[in-house]
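Protein chains: 2
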Amino acid sequence: MLGKDVFYVKDYYIMLFTQTFIPTLREVPADAVIASHRLMFRSGMLRKLANGLFVYLPLGLRSFRKVEAIVREEMNAIGALEIKPTVVVPGELWKESGRWETMGDAMLRVKNRLGGDFVVSPTAEEAVTSLVRDALASYRQLPLTIYQINTKYRDEIRPRYGVMRGREFIMKDAYSYHTDEASLDETYHAMGAAYRRIFKRCGLSVIPVQADSGAMGGSDSEEFMVESAIGDNTLILCRDCDYAANVEKASCKPEAVLADSLSPTQASAVPALEPIHTPAVKTIEQLCAFLKTDAHKFIKTLIYRARNVALDLSGSPGVGGLAKRKSSPEAPLVYPEAFFAVAIRGDLEVNEVKLAAVLKASEVSLAADAEVVRLTAAPLGFAGPVGLKSLPLVADLTVTTMQDGITGALVADTHYVHVVYGRDFVPWLTADLRTVVSGDPCSLCGGELYEKKGNELGHIFKLGYKYTRSMQVSYLDENGQTHIPLMGTYGIGIDRTLASVIEEHHDDEGIIWPMTVAPYQVIIIPITYAGPVKALADTLAADLEQSRIEVLLDDRNERPGVKFKDADLMGIPYRVVVGEKNLARDTPVVEVKRRGEATFRLLEVAKAAAELNRLVYRELGC
Amino acid sequence: MLGKDVFYVKDYYIMLFTQTFIPTLREVPADAVIASHRLMFRSGMLRKLANGLFVYLPLGLRSFRKVEAIVREEMNAIGALEIKPTVVVPGELWKESGRWETMGDAMLRVKNRLGGDFVVSPTAEEAVTSLVRDALASYRQLPLTIYQINTKYRDEIRPRYGVMRGREFIMKDAYSYHTDEASLDETYHAMGAAYRRIFKRCGLSVIPVQADSGAMGGSDSEEFMVESAIGDNTLILCRDCDYAANVEKASCKPEAVLADSLSPTQASAVPALEPIHTPAVKTIEQLCAFLKTDAHKFIKTLIYRARNVALDLSGSPGVGGLAKRKSSPEAPLVYPEAFFAVAIRGDLEVNEVKLAAVLKASEVSLAADAEVVRLTAAPLGFAGPVGLKSLPLVADLTVTTMQDGITGALVADTHYVHVVYGRDFVPWLTADLRTVVSGDPCSLCGGELYEKKGNELGHIFKLGYKYTRSMQVSYLDENGQTHIPLMGTYGIGIDRTLASVIEEHHDDEGIIWPMTVAPYQVIIIPITYAGPVKALADTLAADLEQSRIEVLLDDRNERPGVKFKDADLMGIPYRVVVGEKNLARDTPVVEVKRRGEATFRLLEVAKAAAELNRLVYRELGC
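Those protein sequences? They're chains A and B, same order as listed.
For the record, in the first sequence the residue sitting at position 291 is 293 according to this note's numbering, with numbers rising by one throughout.
For the record, in the second sequence the residue sitting at position 468 is 470 according to this note's numbering, with numbers rising by one throughout.
Simulated from the structure, these hints should not be mistaken for lab results.
Treat the numbers as computed from the prediction; the structure is a model and nothing was measured.
Hints may be right or wrong, so weigh each one.
Pairs count within a copy or across copies, as identical chains cannot be separated in the list.
Taking lysine-lysine pairs in the BS3-like style, the calculated list, with each CA pair at most 25 Å apart, reads [claimed, not checked]:
1. 294 - 284
2. 97 - 113
3. 97 - 536
Here chain A stands alone, though its shape is the one from the complex (with noise of 0.2 Å):
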């Protein structure tokens, strides 16, 4: 179990803190407002080269290396092989899966002096299926589980929190590919349940959610969220049973037919459609205000772009002059752009991924003020889904139990009152839109659901044959046929993991590392490293290497109160204190504490090496 998750090299287990280099800040750098990145500056575990561009320093860089050999231990356990592809990859392999187009600005693209395009890799499905592709020939190599730790860049506008959203990361990325869905679903909880173990071993409690794929296609997906007030992702949860979902894809219990609204059978009861004179009325607020009523009876219609649709909307309103095309020979068939209303109870939001997905389109965004007013030939504030011919209308599910609605006429100051859905319009399609929010029931058990904010550390999620086709992918059966193999996507963030490590574990003084992923395990201060002080210090830490344990030897010339600030600050679990004192005692002794507890302990000297050895490698689970 020896040198066990540690990249093992000589001088490695025992450093003086003279040698090495570790320029603690006392002050907080200012545009650090989260622990982790104030704490990993003070620390002296990182710098800022440039905005989202950091360097690891030798502290930060061994805690760094701690959490890359768990996640690679944890991959190597369940059969998943290392490569190392580039960092820097050809166009070419994103143009043939048509993600060129559609990965946006984020994706850092180069042209080399040649005038080739290249890509600073932000994932790398395209490079590994290339690889795969040219080497896979049989059923016999399947299933095939491939991965690399590696460099990754994603242009963001605005990088921030430290290594929790920079620019360049590192990343575990993994890949399978198989004969068929049961093997897919097989590794699929594989890594479902290594990323269980990963994050537990590093001491995190993440929150593992159901999630949209976004721009990645896909079935079954989940992401490992950990709770933070600054998370990008809102997360859905079930106040009384398992379920989580990212809001994005979030759905909840249909609810029943509003108290103030009919039921199918009444519709006939409602009066026929009317056409009222609200002048001047161009929100929902407006109206609510000048009808007296509330935001739920009304049909918001809004009108959205999509960009590369791959829906089929042959024979859908509006779309006449439309056409599939592909933006290179290998990439898939898309409408480039089309424009689509979309219908929804007027308290609710439309979740533009939810959109997205429906449409089969890389990107949806509400569509320009000028658009909307060409495509609904009425001034702005009254499009409405009643005789809108122009567009395809998606209907989001609650405007279904709508039988008594109001929404705007298409023409100016006009709205329509005792709208009823499937009497006075029928929409072109209808499917689950709305953003789930706070309060809403839960799908599954009818509970609660509430909101947390999260950010996301690691993602699996089954791709299908979205790669694998586009790109070309096959292998022979047992029988001489020719196959698409399945595909799989899977990753982690190392540098936010290792920042959301120290989010769980810290306090006002410092870091509070855990065991498996402290840069050093224990820290030995002598009071004035000389004379018998420094003798002791020195055999301690020399009997500590003897059983692997990393020491971190304070040898500064510097007051106690410094050393104490500086070790809180660095986290480093075990704490040792060597005085004169203490060694003058009839029974020689040293203070030992753990970091994060409030008291220290006298350890007898004689026995103060092998008691942190069993405090250490009980810590370490070993």
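Start from chain A and add chain B according to the hints.
Relative to chain A, chain B alone:
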């Protein structure tokens, strides 16, 4: 000692052939002209993503990581501290150092989405120096040696020879900072010693040579070369002593005055300068034929264009209008462009690297014909040092011994004879500029010099103040005085080192790995992986794992011949064949063969693991 040199992770020690991904090839890739390129592909270590961009497959990555670990160990052993900067770094830093202008097109420049300039690092003097600038305060922090093992990119126009000359590669690059020359010298020599150990441990025969530090600037410099028929470098070696230098830097013993020239005291005996008519004679060859004499009698005069000249040219001929400028506020003062006449004996070549070093220029090249005509006011082919006022004249040392030379007369169809150095012309500067060739006498012992082609694996050199001054790094000494630190830089190409091991250790059948960098140390080949043969193969593998010996077990359902061929190709040091007949003997045995040796021997099954353990660790040198 166990576990040394390896990235210790679970599931590292035993691998079943069918569980990994080793796509061996019988055919040789068409573009693979050298052994390492051919064998890395054939043995399934490597695949190509695009020209100069390669993917290490699992087998290749194991050996790669071992080379990396050896480098890391030796760096740590001399107190160098590992950090991890980003691969993409801000262009600003390169503008500060002045290399944004001088690095040429091999540096991959990127504009990000916000229009900022970035570089995919080809080296990291700037990034590391900027880090040190921010963190360095006191002399007590020095000396400081920092290194990384990280991705580098050079945009080679013609990448070839596999990873020997790829575009993206992994480099170990170290940078040291010092208060004085003695400290820099100490680290420089410790690095030189570490490099010798690294290459020795990898099983490589390297030739350390004196080197020019090129665009890097600086003074002392040593390159670590391996002999290679396709080497980029020409090495000059002495048959009689240890002298070894890159041809770019090589000097030789100044020759005695040639038998047919005169001693200085006889110069007065040389007739006066005399113009002769040489119609349509433009080359040295034509002139030799015309005058029936040898090239070494001529003083050849060449016109060079130099860029970013830092040498002070004030008062030199023909540069009246030139002024030093900065390309950016932080860049050093240089003449952006200047022209020079260079005189050298007619049978010799000017070494442009030496010339650039003498002129402190970023780049020198022969001037265009039109420039030559304009600057010499003479037709092409008639340039000469006598009466040349329009350009600074730089003479090679060989010219200073010429007492009766022939040279162009700066007039059409005219040459001078009886030209005497010092009498008829005085150069602005004299310097050693000649390219040394085979047969020249050694500058140390007078022995005969000869040439070899070589590839550079590593390079160490003293940079002096080049970056620390331009990037304004400083520290306070014990008296509170501000100083600029001295700097050194030290690189090793990991990919190239690995490929060179294969170049030095292979035969017609495949690779013959040195134990230290072998992907596995033992391959077990069961003739048929079933029954007692399987049982013994599994047991033997498990026994070897106990002593941390890395085992590939060929469990494929293939003919023995196929397995033997692949084992030879992969070059795993010890091959153990387990067969039914050998197990059925009274004393069951297995066949053991060292790759590269012709014969196998039989080991008793009961003693096989212990004996293999002894053999493997003997070669590991533990």
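Q | Which numbered hints fail | A | 3
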